[in-house]
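Using the hints, build the complex out of the two chains.
Protein chains in written order, with the working numbering: chain Z, 10 to 414; chain R, 84 to 310.
Don't read these hints as lab results, they were simulated from the structure.
30 Å max Cα-Cα, derived BS3-like pairs, lysine-lysine:
{"no.": "1", "chain 1": "R", "residue 1": "Lys310", "chain 2": "R", "residue 2": "Lys260"}
{"no.": "2", "chain 1": "R", "residue 1": "Lys244", "chain 2": "Z", "residue 2": "Lys13"}
{"no.": "3", "chain 1": "Z", "residue 1": "Lys13", "chain 2": "R", "residue 2": "Lys200"}
{"no.": "4", "chain 1": "Z", "residue 1": "Lys13", "chain 2": "R", "residue 2": "Lys206"}
{"no.": "5", "chain 1": "Z", "residue 1": "Lys13", "chain 2": "R", "residue 2": "Lys158"}
{"no.": "6", "chain 1": "R", "residue 1": "Lys199", "chain 2": "Z", "residue 2": "Lys13"}
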Amino acid sequence: MLIKIAFRNILRQRRRSLLTGLSISGGYFLFALTLSLIEGSYNNMIRIFTESHVGHVQIHLDDYLTRPKIYKSISDKDEIETILSADNRIIGFAPRIYSPALSFSEEDTAMVQLIGVDAKKETTVSRLREKIVTGSFFSSQGGENDRTQAMVGKGLAIKLGLDINDEFIVIGQGADGSIANDVFVVSAIIGKKSSGERMNVYLPLQALQEFLSMELSVHEYSMLLEDVADSRSVAKDLQKKLPELVVSPWQEVEEMFYKSMEADKQGNWVFLVLLMIIVFIGVLNTVLMSVLERTREFGVLRAIGYRSGTLVNLIFMETVLLSMMSLILGVIIALPSIMWFSDTGFMMPEPMDMGGIEFQHFKGELTAQILFLPMGIILLFAALISLFPAIRAARLDPADALGKF
Amino acid sequence: MKVIETSNLSKHFGLGETRVSAVKNVSFEIEEGEFTAIIGPSGSGKTTLLHLIGGLDSPDEGDITLSGEKIAHMKGNQLSDFRRDHIGFIFQAYNLIPVLSAAENIEYIMMLQGIKKPERRRKVEEILETVGLTGLGDRRPAMLSGGQQQRVAVARAMVSKPDIILADEPTANLDSKTGMKLLEVMKELNREFKLTFVFSTHDEKIMNMATRLIHLRDGSIERDEQK
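So here's chain R without its partners, still in its complex pose (with noise of 0.2 Å):
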């Protein structure tokens, strides 16, 4: 099953003599627990991609589907709630929230779709477990190393069960054993519960994992690699 589809997806920034084509004309479709990593050099469109895909950006022209529905045209609540629903993202950073222990973070995204207290609680302690980071959900994230902050980033990706998970350089901030050790765990939920990761990354690890490299070059795809 197709998760993700654009077609013909370009993205503009700047005006007249200025005007960079971050993305142009850019198709590909991901299935159903893919792990695709998105690679090229810096400035290649990446992150801007990622952002479209994310519908956290609006393309100037193509379109985007994700899960069956276009994203690329929808706006405020609707591409808000769209988000909480269909997608999960874990960033670079790991930007978590600091005034919430790491239980909490998780949680949080459950609160807002709504999910009873009991039912709430008892997942975050199920994923807590998955991520490896039992016992430690009290902790707020300052008191967390980077890679157990990372995890609990990861875990609140996967917990309202997305449809797709995006991720940027999720592995950039971490040393090398660390961000290993959470390439397993990611790949780990890949293989248990087919969740379709999309990754932007420099990271060989990653790539080596990676079932699929898109290669991006000047805003365009170079080279769709099946391994």
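Just chain Z, with the same shape it has in the complex (with noise of 0.2 Å):
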């Protein structure tokens, strides 16, 4: 019978339970929108950002991330390999050796990052390859003049005036102490001139190895995994069975990056408060309109035996019954939207550059969390906003309620 008065109630003023409750399917529209572009695109600029270098898992010696010197390197790849392999929720992995050094063509000088790469399975953890603008892939086997092949940043390649099958000299310092020099030969220009890896040079690993007198050992492994939510996980499995090295998740690896992004996240969370505060208000309004056009009838209902808990629990339930009215309408409403969000999306009219890779698709995302957590949001707020006006029903004296009665 409660729920039954509750409904009518309801229906009792059916304009301003309809305005009330499109504000709550409205509010409920807005929010998961927002949440899943937002959850959307910061998933995009963590794949993009990822999959462009850092991968989602590294493994170092010591305090090489923090502290990177050339003999803090890696030598028992075979062990590392053979756990890597194992794992089935890494789909790639890759090593590399980095090492500043001084690159010198005709025209210019220039300070450069040497990075040494595995050409297989580079391309299984990052997107180097896509980020070639002109040139291809150096091959092992060398380019012309039996010179090593190098792809360089194009930051770099202007700066010294390279271009496909120029030479340039490299200088550097072994892990031995010795001078490291060669010539290298372009094979391929990478990413634009503005863009992170703007003056990198990369070279075969085998190749680098041979410069920095490194022998077989590398700075570092990169993994791509399945899922990149399971990067804590992984890192922290591998680190039980690798004990003598560093196993770092991106979110350690590129701190800075994954705390301005959470902190841009949180900013975001200030705009849909804002919403929820006042569809709240629009509620509360609602519910206190109703508390105090029914005073007489509430003294009715106490001067008949209603106790006190139960009209608490009348307002309580009409404020919730009427919110997951609007809320299912809400759904029906933002469902297909985010739907089409998550799958087709839109293009943005001028690409964003991350990472050197550039993206002008925006995409929404579709979770169960994106649809339910602002239910459970929405729904806990208008019950916990009804109980104001409800205790205040509740506390009314029947005696001045009812005035004469």
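If you want it as structure tokens, here you go:
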């Protein structure tokens, strides 16, 4: 009977209930859609960022991540590769070497970052191949005049005036302290002049190992997972198997990026909170109006034996019922839109450059959390908001509420 | 058997110079089956006295005993439950629950008492017949005339078999013919079921029909007249 009364009371002021219901439905629609777009865009950013170079998990020796030194290298590659190959959550892994060096051509001189990569394995982890704007991925057979092929960042190519098949000299320091120098030939130009790898020189792993006198050791293993969400758990599991090394998920490798992204996400919640406040003010107004104009009725109910708790239940139920009906409508409106944004999305007028990868396609995300989290929050706060007028009604003095009965 | 006993009942409103004594040292007793009218000019304290007897307000001084239980100091759910089980109210403006049908309005109080649905339905049918509303149980209050609404209110007040029915100006919103019919219904219920009625009224018809008149003036009993 209580539910019946609550339901009929909602229908009593149809126009007001409809407007309040629509504001709840609209609030849910905006909340869920915004959440979908936020999650979609950040997941897209994470995907592009991690697949650009970082990967989902990395392995290093000691504190190489914070204090990189040429001699902090991993020598037991076989053991690591056996462990990584056995884990079916890992879809690809690649060893890498890093070293700063000085490069020069006939035109200019520049500081560069040498990165040694395994041509075959690197393509399973990063999008290095996709970043090639001219030329082709280096081959291990070497280039013209048996020069080792190198892929150079766009910024470096511009500074040194390099084009495909041009030669340039690199001077660095070997792991044994010796002076390392060699001539390389450009096989490809990578990225844009503003992108992160603009001053990078990519060399075949073995060539750079020889150049730096590092024998077979590497500085880093980067890996890509089936699901990026597993990065922390995979890192934790690998750490147990490789206690002498340091295994880090991408959130630790790129801590600044991760933290700034999280901070940005929190900022978006401010908008959502403001949206909810507007919706809840509307709900509170409706419930308060409904309570105020029914003061005499509540007096009658109290007179005939309604307990104050029953009155609280009635008003609470009216609000929750209205919210639930509005949320059902909200889901009906929001679901097709979110599905469209997650499946099709839209093209931005200008492409965005992220880690050398341009992306123009903006998509949302559709998960149970995106549908149910706004629902739970709206329902919870609507219920909480109803308590204030409900308690107010329950505390009414029956004689005052009835006036002259 | 005494249904109502009040002793030195007082209720004051306001403070200091604005303090008004709405009810002053009122003591009386009402026996089961009486058809009593509390009468007096406006501001004489009739409504306040009815509020006090009905447990809707608490006295500043004195005691009220209803059906052998002192209610003056009852609070919260205890008082709500007492009202539900022992007192029926009839309001001047009918005050039915607008979203419930006539039958549901009558049934609702029994539901609060925990009476099973089949019994509730049976009693509703019986009482609708008693008050002359057979066939109108499905109508919402807005679809009933004033007289019919007040009959529903009478039915609601008596369906839970209360010890006392308090009625404040029950005929004030009705034309004299409808008011008279309603009074005849209540008088019949009083005769047949020994229901105790206490009215607060200006209506001469009620005064003529009442078996006892308690005259109030300035919050005190001026005269207690048995007819």
